[in-house]
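Number of protein chains: 2
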Amino acid sequence: MEGTSPRIRPRRDLARRRVQIEGVVPEVDAGRFAVKRVVGDELRVEADVFADGHDLIAVRLLHRPGAEGSWEEVAMHPLGNDRWAGSFVLPRVGEHRYTITAWVDPFLTWVRDLSKWIEAGEDVSLELLEGALLVAGARDRATAEVSGRLVEWEDRLRRWAADPDLPEGPLPDELTHLMSLAPDRRFETRYGRELRVRVDRELARFGAWYEFFPRSAVGEGDRHGTFADAREMLTYVREMGFDVVYLPPIHPIGSTRRKGPNNRTISESGDPGSPWAIGASEGGHTAVHPALGTLADFRTFREAAEAQALDVALDVAFQCSPDHPWVKDHPEWFRHRADGSIRHAENPPKKYEDIFPIDFETEDWEALWVALRDVFTFWMDEGVRIFRVDNPHTKALPFWEWLIGELKRRDPGVILLSEAFTRPRMMYRLAKLGFSQSYTYFAWRNTREELESYMNELTRTEVREYFRPNFWPNTPDILTEYLQTGGRPAFMVRLVLAATLSSSYGIYGPPFELMEASPREPGSEEYLHSEKYEVRSWDLARPDSLRPFIAQVNRIRRENAALQRTGPIRFHPSDNERIIAYSKTDPEEGGVILTVVNLDPHHKQSGWVDLESEALDLSVGKPSSGGLHSVEDLLAGGHYMWEPGRNFVRLDPSVSPAHIFRVSGPGRAESDFEYF
Amino acid sequence: MEGTSPRIRPRRDLARRRVQIEGVVPEVDAGRFAVKRVVGDELRVEADVFADGHDLIAVRLLHRPGAEGSWEEVAMHPLGNDRWAGSFVLPRVGEHRYTITAWVDPFLTWVRDLSKWIEAGEDVSLELLEGALLVAGARDRATAEVSGRLVEWEDRLRRWAADPDLPEGPLPDELTHLMSLAPDRRFETRYGRELRVRVDRELARFGAWYEFFPRSAVGEGDRHGTFADAREMLTYVREMGFDVVYLPPIHPIGSTRRKGPNNRTISESGDPGSPWAIGASEGGHTAVHPALGTLADFRTFREAAEAQALDVALDVAFQCSPDHPWVKDHPEWFRHRADGSIRHAENPPKKYEDIFPIDFETEDWEALWVALRDVFTFWMDEGVRIFRVDNPHTKALPFWEWLIGELKRRDPGVILLSEAFTRPRMMYRLAKLGFSQSYTYFAWRNTREELESYMNELTRTEVREYFRPNFWPNTPDILTEYLQTGGRPAFMVRLVLAATLSSSYGIYGPPFELMEASPREPGSEEYLHSEKYEVRSWDLARPDSLRPFIAQVNRIRRENAALQRTGPIRFHPSDNERIIAYSKTDPEEGGVILTVVNLDPHHKQSGWVDLESEALDLSVGKPSSGGLHSVEDLLAGGHYMWEPGRNFVRLDPSVSPAHIFRVSGPGRAESDFEYF
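Heads up: the protein sequence lines correspond to chains Z and G, in order.
Per the working numbering, the very first residue in the first sequence carries number 1300; after that it's consecutive.
Per the working numbering, the very first residue in the second sequence carries number 1300; after that it's consecutive.
Everything hinted at is true.
The calculated label-pair distances, taken between Cβ atoms and stated as ranges, are:
| id | chain 1 | residue 1 | chain 2 | residue 2 | range |
| --- | --- | --- | --- | --- | --- |
| 1 | Z | Asp1628 | G | Arg1391 | 53 to 63 Å |
| 2 | Z | Asp1472 | G | Trp1743 | 36 to 46 Å |
| 3 | G | Ala1644 | Z | Pro1867 | 44 to 54 Å |
| 4 | Z | Glu1341 | G | Thr1475 | 52 to 62 Å |
Partial list, derived from the structure: chain G residues whose beta carbon lies under 10 Å from chain Z:
| id | residue |
| --- | --- |
| 5 | Asp1351 |
| 6 | Asp1381 |
| 7 | Arg1411 |
| 8 | Leu1425 |
| 9 | Phe1486 |
| 10 | Arg1636 |
| 11 | Glu1660 |
| 12 | Lys1694 |
| 13 | Glu1700 |
| 14 | Arg1722 |
| 15 | Pro1723 |
| 16 | Arg1724 |
| 17 | Arg1728 |
| 18 | Lys1731 |
Hints listed in this document are in silico derivations from the structure and should not be mistaken for laboratory results.
Heads up, the beta-carbon is just placed ideally off N, CA and C, and yes, glycines get one too.
With these hints in hand, go ahead and build the complete structure from the sequences.
Listed below in structure tokens is the structure:
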């Protein structure tokens, strides 16, 4: 029998590795993609770790800065049922790595068993001798100092083994500590994958964005605005409490097949064209539209913004007007038709004749990729660290993954916002490939059920590990029906929702704060007289502007760390489905913000909101003894005492459609005091 | 600027692969482990597959027999929202492989766009010329015959392009078909992992097991039974409808520190010892206990079993009595104490002094692994194809994975049942590592909620891909409190549950059918006078034996394919929590079995069971129009007409605690007929 079965060798290096590691969280697509965090975050890692039999194991979380750094180790602790957890703080922006290692630990097992034998009244002299052998074995692995102390311990164990009168109680912690410095790791199991966490600066997680067209920054008349005009708007933007000013493309605009007002296919001589029809004789993606000024003017604008603590975000739209220099210099970067002409953008039966899409299947893809990357690096050299990327889902995905890697190597603090209004799998894939943030479906989530279910998807599934939402109630392309029909309260509702549901949000102003609500035509989500095709002028000082309200909401966000993270979020039941209520907790200080919004912009709504104290998660302070919560409405002012159970709210959209409450821990009752 | 950024090359082979593939199901731990199926099963594979932009993609499921076979391709079809599905039938026992490939298909895209342009009334002459170019490009990739027909098509498209009068309607399917034979796959994306499916014979999925101790097969008196006696029991076992007879270890039993009756630490001269204390001077794991007979006698027994269509399963318990030959020949395979003695099994404060565990950390592990493997191959050479493995969770896991690979290479039809009553992660990991089936927590799941939630875990989570439960109401180690206290109805309830919830189940008889219910002591799950330590005699002809009932349940299983799979299973609500109701559907023929059990062995229970026709999943025949179901009780007999809604049941445990209904499609109402 033995002759018939050849001696087949298993993989020698794995044979005696008895520990198994699986179910690691966070891990995206088997480590194919990095998880995302910001600097200073604590990364908590969990895994199922176990070995055969009853022996105890030691589990360590390993982490290092980048692929070349040296590993640091953190002990993981058991949560029960073979689940282990550990964490470490991410000290700097850039890529960090982590994995897990574990081993069966004979010494820990011996300590546990020894105390059980002693408890059971057994003779442990042999066990003590075996302990002495374990200690002796550790000496070679230990530093000289530790080794010296282990020699003493070995002696002591041998003396105890020979002495029927044992010391009482458990072994001193000192021995366990010394042995943990020199464990027997010959058969340790290293988790099969080294996982990556991309650490961004805080602005990738928390920030308020304001988009405006610099050419409309004049304020009166229809003169084409300049960077100098735009600079004048910065104080206005800063006073509203924004962190980022985002400009649509600032490059020369093509004249061939230029679009007229309201997207007319025929333009007249004065029409400025769409900033997204990029490229003219003056240059392409690295040039500045002459009507806006020079590159030096842009630099002055950016410096002025930074002086006001505003980051400048530029728009990168990889498409070319027929007049873009690349069309002449690199015709092979575009698709050609059977008649030799370049194929314009189309989505049958729609045609976009002012735009040529780029052909990512070109034979010259390498030069193309480098040129596209160098658009980013050009503006990074100009001090820009945030980019809003136009329609990334219509460009080849391998390109984005490569590009973002390149840019992050150059400046790990660079932030890219993906404008991918597309199907969910693609939207999420772009985030996995490296986009720091993404536009979302928020603009079209209006009901309580829609909002809750979307937020649960974003904050309670694996999506939260790699996808950072940036909530926009409007954009130059999106004037939702809700805003068109809901009047001033609709704008207030959508602002409060965006700013309190998501830690990153933005508005396209001035149309937002001035409550522009007219669509190009009924049923359209396009703005009438959209700035995409026209220079507009805005009366920023209008007394009905939402500017003070926006400033107030942004101030609340800034002063309350609970609103500086998108998740976790808890929704609180209400008996009126038009009323949505949710709370967030600052994980460090424990402050709680409870937001209650009337989603109906037309009518007063009232109802009962159910507030369990556990649900409010007042993690600082002592557990509630059923006392009252002190809540302060940070929007309308006023203090209330709320009970842990149901509380009545009534929101009149014509006054204020929302409360943003700061909740203080439950008030003490007499019985809480020690002298009671 | 360009000077400062070095030209970094992306991976050339990936750059233009625009399709992304993710979310593949089934896939266990990123392909680390195989999924399990049985021969003849259809393997359905789903994945998220998508590309940038609006181009159409083609998606193919690839599969092959083993790592060296050649790939076959099956088209996958879109389910919506970027989800694709495809399937193939597993033709033979052994390992099969599968993966996915996909590409952006310019021709499919062209066909779609062409019809849209035509519909919009656009001039498509250029499009037709471009189609001609695509067809010309395909010629080089096509067979000579296809190529010839493509030449004709290219001509036709060119003629149409020149002719303003186009043919009406869509392009003939012939061109699409021809082009699908020669697609442009230069930039196809292959999923990054080749996945494995382990295909077993059907007995791995569906079978009823009967365990008995051959030494107790005498029937009267306390003579030590032999294989010849055991052979006499085979007809009895077969007539009850079992598929597998499983014998506890049949090897010589050690005499050193042999256990006496009821696990006493001191034995007397006539005590037979535990069959799990393996090894004596007569030999170890490849020897036969002389009191049972010879190897030739075993062979005769096995052949007799096979003649009755019974597979023989042997027990493999890797532990040694102090008298096992390995202890003398390979002392290095065991752990030694500080005094040089071999360490017996222990779990402080418990000691198992009649057993030495094997040390999988031994330096001589390679020889050990081979010896352990050769225990299996010895019995496989003896014609045994099923093994019940004792406590695999206390042996090193890398060993099992290697071992099962070795055995499957020798006989892909070998079946290993894991006896791992341990924590969930370990139980599931053993299944992932290759065990064909596993013991479960079923014995301790008694309430409706416990049973439903456990079945949902087994059939609705990823567990179903690799873990096959084998439900045992009792074992020689487990006499549950429910059986101890519930009398005859308890045994009937647990039998029906095991046999209808899980497609594999087993009983330890004769104590099961004879309803042995006395524990060794109060609170213990051990049998009083356990066969583990004593030769017992059983009066198999006792008139109250459950034998006819068991035979009936096994016949129902055999005649109804719905019961030959563990999942899917649907639970039907009932207003009495003591009543559990569930149905299964034969995926091929559509037959439905509805089981209703009174879980209370002491009292009659009645209540309403809610039977929605959708929930019954009568997938054959036309959708229900609200007619009646004809149900036949296969246990007690009797036909009933049930309504799609709530139906009343009343189960008296003293008569029969369960119904097993065969459900026929809803009876037709007049309105179903065409002439109505």
